[in-house]
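S.K.: Below, each chain spelled out in residue letters.
2 protein chains.
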Amino acid sequence: MKRMTPQNLRTPGPTPIPDDIVEAMTNPMINHRGPEFAALIKKSTEQLKQVFMTKNDLLILTASGTGALEASIVNTLSPGDRVIAATAGAFGDRFVDMAEAYGADVKRMDFEWGGPIDPEAIRKALHDEPNIKAVLVTHNETSTGVTHPVEEIAKIVKGEFDKLLLIDAVSSLGCIPLPVDAWDCDMVGTASQKGFMIPPGLSFISVSERAWEAQQTAKMPRFYFDLTLAKRSLEGGQTPFTPNLSAMYGLSRALDLLLEEGMENVFGRHATIGQLTRDGVRELGLKLLVEDEAYASDTVTAIKVPEGVDQKALMGKMRTEHNVVLAGGQGKLTADIFRIGHLGSVDKSDITEVMDALRVVLPEVGFDP
Amino acid sequence: MKRMTPQNLRTPGPTPIPDDIVEAMTNPMINHRGPEFAALIKKSTEQLKQVFMTKNDLLILTASGTGALEASIVNTLSPGDRVIAATAGAFGDRFVDMAEAYGADVKRMDFEWGGPIDPEAIRKALHDEPNIKAVLVTHNETSTGVTHPVEEIAKIVKGEFDKLLLIDAVSSLGCIPLPVDAWDCDMVGTASQKGFMIPPGLSFISVSERAWEAQQTAKMPRFYFDLTLAKRSLEGGQTPFTPNLSAMYGLSRALDLLLEEGMENVFGRHATIGQLTRDGVRELGLKLLVEDEAYASDTVTAIKVPEGVDQKALMGKMRTEHNVVLAGGQGKLTADIFRIGHLGSVDKSDITEVMDALRVVLPEVGFDP
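Chains A and B supply the protein sequences, listed in that same order.
Each position in the first sequence, counted from 1, maps to that position plus 33 in the numbering used here.
Each position in the second sequence, counted from 1, maps to that position plus 33 in the numbering used here.
Just to be clear, a hint being listed does not mean it is correct.
Repeated chains share a single entry, so a pair holds when one copy, or any two copies, can fit it.
[Unchecked claim] Taking lysine to any residue and the SDA-like style, the derived pairs with C-alpha atoms no more than 25 Å apart in a straight line are:
(1) Lys345 / Pro39
(2) Lys337 / Glu185
(3) Lys157 / Lys320
(4) Lys88 / Ala251
(5) Lys35 / Phe400
(6) Lys264 / Thr250
Just so you know, the hints here were simulated from the structure itself, not pulled from any lab data.
Start from the sequences, fold in the hints, and give me the full structure.
M.R.: Below is the structure:
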């Protein structure tokens, strides 16, 4: 295939891949039932636990992030189980859809797209319905650029009501603090192409003791995503099904890089760059979807398409004339916003480039601040 | 990570990756909702149809081969559906386990490990039980090195009884002829790390009109493996969930290589090398698990561990002293056989190297022909 030109890829995942991760991924194939692989998966699993800030079991699945989230549902629930799924965007909606596909009796709680999930509403719902078994929450809603208050939600769900807590952390883990043990999260799923700076194709999930207990009576059917198989294989340094080896090589290098930088510094870098992005957007005279800094995501920023501006023309010119790839909206906001991803492999200059290009393109597509 | 030394990797997948596929996989990340990806997936899908010899829909999933096989079950069946699953090895057993995990009422038909599935037995079973909805068959049983007579089975299942036919073609497709349309197979699943010469992490599945019809009433729950979502996304040049981009780059190059070589030549190469392997094994005085050339697989050869020989010592010396990686057995044959993979990226010299090394190692581990 013709070699592609590297772009300033500012979608909220996949992210650009650092050169030495690309290099690591070119390592030759090995026997995934052999000693080299056993050493590889054991090392990466231990390092992943540091990034997840957990002593829980940590499993690596060959699937997109959605696969890990499906695993969190089918390994803890039975058809007919009453669960709360709180949603304020396309990925919250997806969590609802998945739980319903497997027969959960979902109490869907909708919050405004662009706003946070209200912990108080969850407290009230848990109080009103004592038979709720689990609460499903998105940590960082990629479609709107909101970081939901999972710490507060966890205090209620776990501390006050002692229910299962399943977290979609696809676009937050490794970028925004999510201390799995400190917040007592039962299942936390994320994916390789976001904070981990490697290509899509792997997902990671932490599983608490409480989640394993739930699994023993959980009757939703499962095979590929049966975490018992994954846990048993891991004890022998294997996976139940052939793993994505190239991404495993990349992951090993990526985890070294993250832990060398130090997770506090990685979180700090994302916070600084998130702020830089929002400040830059405001300075251009554009309106943020999420004005409240308390909930603004440090991994993705959604910007309202100004009146009179053609979103597709804007994104097209950014891509073809400035080599900057932005993302459109999703779901009901598809045409109303555009998004800048700033997670994983990102530094300030990447964002400065975006702002410089927007400054040129915006007037060309009819923006009159 | 420390760079690994390339091995003569003779497991039945993953296979070594040709250099220009490795090179293609280092292409930079792109927006998987953008125009470059749409062009990529459309091209590869059309080329995959040529390899599958089908006009059916062809879908690419980010999962191991087992994921595609789970998709074939959950998209066509409902809990309680009576199905036949014929098994003569570890992967036949896995197909049974998957169908049972999702609540199918499985008529399990066991055949000797190392022997073929008997089409006549399937005819009798279909005759005796008119309420059978589907037949699940492995084309090439990786654990024993047997190619099952799928053409004859298909004539019975489709031609005589008009039932759904679901095929595990993980270690055959692209290596051993499996003309999906000519044999009228409803669902055929395979994986990237076998005949396709790319790393694990993608699987491919063909879906007949008849299978889509079955899907409309199929009640097994599904989300990540819901092929309706994949089909709908493909119409827009996308996948429902973030795809394994690196492997997609490799796939594109691999399909060019396969089609340039010509599928007839690719099949011929596998047939020649399969024969070379079996002849070499016999010449060393070893016993094949599959003596009957009519069923001997052209992608993997199983060899009985000779009396007095320590299988682990044999494989260990081959790996550490001769850089040749063989596979052990699986399931109930774990310690009784060892296997040589000869599929995907393989030529005669790879096999000659194996035989030369075996000639040295066998006497060292107690072999006395």
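S.K.: A separate judgement is required for each hint: does it hold in the structure or not?
M.R.: Checked hints:
no., hint, in the structure
1, Lys345 / Pro39, "within (21 Å within a copy, 46 Å between copies)"
2, Lys337 / Glu185, "neither (28 Å within a copy, 61 Å between copies)"
3, Lys157 / Lys320, "neither (33 Å within a copy, 71 Å between copies)"
4, Lys88 / Ala251, "within (23 Å within a copy, 40 Å between copies)"
5, Lys35 / Phe400, "neither (36 Å within a copy, 51 Å between copies)"
6, Lys264 / Thr250, "within (17 Å within a copy, 34 Å between copies)"
Violation of the numbered hints given earlier is confined to hints 2, 3 and 5; the remaining hints are satisfied by the structure.
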